[in-house]
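Peer 1: One-letter residues, chain by chain:
2 protein chains.
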Amino acid sequence: MRRFSHEGHTAHQFDIELNDVKHKVMNMGGLVESMVHDGLDALLTMDAELGAKVSEDDKKANQFELDIDEDCTRILARRQPAASDLRLVITIIKTITDLERIGDEAEKLGRISVKLANERDIPHYYKDLRHLGDHVKAMLREALDAFTRMDVEAAFRTAAKDKAIDNEYSNISRLLITHMMENPGHVSHALDMNWCARSLERIADHACNICEYVIYLVEGQDVRHANLDEMRKRLL
Amino acid sequence: MRRFSHEGHTAHQFDIELNDVKHKVMNMGGLVESMVHDGLDALLTMDAELGAKVSEDDKKANQFELDIDEDCTRILARRQPAASDLRLVITIIKTITDLERIGDEAEKLGRISVKLANERDIPHYYKDLRHLGDHVKAMLREALDAFTRMDVEAAFRTAAKDKAIDNEYSNISRLLITHMMENPGHVSHALDMNWCARSLERIADHACNICEYVIYLVEGQDVRHANLDEMRKRLL
Numbered sequence: 002m003r004r005f006s007h008e009g010h011t012a013h014q015f016d017i018e019l020n021d022v023k024h025k026v027m028n029m030g031g032l033v034e035s036m037v038h039d040g041l042d043a044l045l046t047m048d049a050e051l052g053a054k055v056s057e058d059d060k061k062a063n064q065f066e067l068d069i070d071e072d073c074t075r076i077l078a079r080r081q082p083a084a085s086d087l088r089l090v091i092t093i094i095k096t097i098t099d100l101e102r103i104g105d106e107a108e109k110l111g112r113i114s115v116k117l118a119n120e121r122d123i124p125h126y127y128k129d130l131r132h133l134g135d136h137v138k139a140m141l142r143e144a145l146d147a148f149t150r151m152d153v154e155a156a157f158r159t160a161a162k163d164k165a166i167d168n169e170y171s172n173i174s175r176l177l178i179t180h181m182m183e184n185p186g187h188v189s190h191a192l193d194m195n196w197c198a199r200s201l202e203r204i205a206d207h208a209c210n211i212c213e214y215v216i217y218l219v220e221g222q223d224v225r226h227a228n229l230d231e232m233r234k235r236l237l
Numbered sequence: 002m003r004r005f006s007h008e009g010h011t012a013h014q015f016d017i018e019l020n021d022v023k024h025k026v027m028n029m030g031g032l033v034e035s036m037v038h039d040g041l042d043a044l045l046t047m048d049a050e051l052g053a054k055v056s057e058d059d060k061k062a063n064q065f066e067l068d069i070d071e072d073c074t075r076i077l078a079r080r081q082p083a084a085s086d087l088r089l090v091i092t093i094i095k096t097i098t099d100l101e102r103i104g105d106e107a108e109k110l111g112r113i114s115v116k117l118a119n120e121r122d123i124p125h126y127y128k129d130l131r132h133l134g135d136h137v138k139a140m141l142r143e144a145l146d147a148f149t150r151m152d153v154e155a156a157f158r159t160a161a162k163d164k165a166i167d168n169e170y171s172n173i174s175r176l177l178i179t180h181m182m183e184n185p186g187h188v189s190h191a192l193d194m195n196w197c198a199r200s201l202e203r204i205a206d207h208a209c210n211i212c213e214y215v216i217y218l219v220e221g222q223d224v225r226h227a228n229l230d231e232m233r234k235r236l237l
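Quick mapping for you: the protein sequence lines, in order, are chains X and A.
Just so we're aligned, residue 2 is where the first sequence starts under our numbering, counting upward by one.
Just so we're aligned, residue 2 is where the second sequence starts under our numbering, counting upward by one.
For the record, the hints were derived by calculation from the structure and aren't laboratory data.
Some clues are possibly wrong.
One copy or any two copies: either way a pair holds, since identical chains are not told apart in the list.
Computed list of lysine-lysine pairs in DSSO-like fashion (alpha-carbon distance at most 27 Å, straight line) [as the list claims (entries may be wrong)]:
id	residue 1	residue 2
1	K95	K61
2	K54	K164
3	K162	K234
4	K164	K25
5	K23	K61
6	K25	K95
7	K60	K162
8	K164	K60
9	K23	K116
10	K128	K162
11	K164	K61
12	K54	K234
13	K54	K162
14	K234	K61
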């Protein structure tokens, strides 16, 4: 397994600072992961209270982003890191933008769950939404693991799952369109469901971005907008 | 008018490098601006060829992102910038992420225009979409101007327009829901229109982010997730 370990420093304090900020990113990752879990749960069990909690948690995620960005700026200014340390700081700056947006998407799930909490019955397409949600949660979990362990193989493996999730989303979207055409009275509700499915699909995109940053960090190669299959063959 | 000028350097070469990368950002801004213009035009005039051009342009926007990111990493590694120079580089790293995503949204407009090019007639709600598009284009234009001139007042003024655009989007969305309920056969087409309106609204969000980076750069104060009205009173 190929992993990443950042340069040995004579400056012990610098190591501590880098590790601190990396730990903050993991904590932020844990927070948005639980937000996605809660947001989906709130939606599928029509639990408005849980949905409202996700909105509250989003403020914490926003604060994490500001704090970590400040830490990174301070490290860049005072420590003037080079090589893999510099890549680590840049990777963190990018990663937290995606984590913050995952938080925003989870917050949307929570918000829609609050709006729909008084609906009478749980439509049958909730099953598909749950499946999609489970896959997206697993992908996010794996992306965060790849980040924690700086595991480039896991990052490639996880990023490759994005296509299946895109397909799953398209299927749900088609199902919802048919449902709307057959039941014009359900248009508004079905549209909300489509937004939720879309949010889940976007979360998977952000997880995929995080995987690409891990690959950049470990391999020093920017793989965004590239064919990941080819890149994997070339790099591993 | 409050503007920003970065620190005077003894290292003349460093000034040139910073200006070069800033110019690349402006060029990238010009590119995505024209993509939004073309994407909207392709949609409203049902011009599939123009829509396909936007997809091609998206590759250029992606390449800009990679190039500028590489420039920024090299500047951080070799020049170890401090204070406002460091903020400028960090601002650029963040700005190009938003520009790249604006390109993605424009590309979606182009893609939908290709899909819809064979539709028989132009629905009446295209008028509303054109209005929204005009407002979003103006906001993007102003955000890029604020960045070019590092004009914090303009940045505050522009960011404040996001709310009106959110409202405009909500109105279109409501209109489309009613349209779908009354014409179940149009559900698929109306959903596509909703995606387009949504893309335009997201472009305004990204323009707003760029304004917030300009404020951070000039004032040294991170205003993301803050109440911009209050921040403006405090800072200006």
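Peer 1: With reference to the structure, classify each hint as holding or not holding.
Peer 2: Comparing the hints with the structure gives:
For the homomeric pair K95 and K61, the shortest alpha-carbon distances inside one copy (18 Å) and between copies (21 Å) are both at most 27 Å. Proximity of K54 and K164 under a CA criterion of 27 Å is satisfied inter-copy only: 25 Å between copies versus 31 Å inside one chain copy. Taking identical chains as interchangeable, the C-alpha atoms of K162 and K234 lie at most 27 Å apart only when both belong to the same chain, with a minimum of 17 Å there against 47 Å between chains. In this assembly of identical chains, K164 and K25 lie within 27 Å of each other by CA distance neither inside one copy nor across copies; the values are 30 Å within and 32 Å between.
For a Cα distance limit of 27 Å, the shortest separation of K23 from K61 inside one copy, 17 Å, qualifies, whereas the shortest one across copies, 33 Å, does not. In this assembly of identical chains, the alpha carbons of K25 and K95 lie at most 27 Å apart whether taken from the same copy (14 Å) or from different copies (20 Å). In this homomeric assembly, K60 and K162 come within 27 Å of each other (Cα to Cα) only across copies, at 23 Å, whereas the closest approach inside a single copy is 29 Å. For a Cα distance limit of 27 Å, the shortest separation of K164 from K60 across copies, 20 Å, qualifies, whereas the shortest one inside one copy, 31 Å, does not.
For the identical chains of this complex, K23 and K116 are neighbours neither inside a copy (36 Å) nor across copies (44 Å), given an alpha-carbon limit of 27 Å. Proximity of K128 and K162 under a CA criterion of 27 Å is satisfied intra-copy only: 20 Å inside one chain copy versus 40 Å between copies. With identical chains, the CA atoms of K164 and K61 are at most 27 Å apart between copies only, with a shortest distance of 23 Å across copies and 31 Å within one. Proximity of K54 to K234 under the C-alpha cut-off of 27 Å is found in neither arrangement, the shortest distances being 43 Å within a copy and 31 Å between copies.
In this assembly of identical chains, K54 and K162 lie within 27 Å of each other by CA distance neither inside one copy nor across copies; the values are 29 Å within and 29 Å between. Taking identical chains as interchangeable, the C-alpha atoms of K234 and K61 lie at most 27 Å apart only when they sit on different chains, with a minimum of 25 Å there against 39 Å within one chain.
Going down the numbered hints, you'll see the structure goes against 4, 9, 12 and 13, while the others check out.
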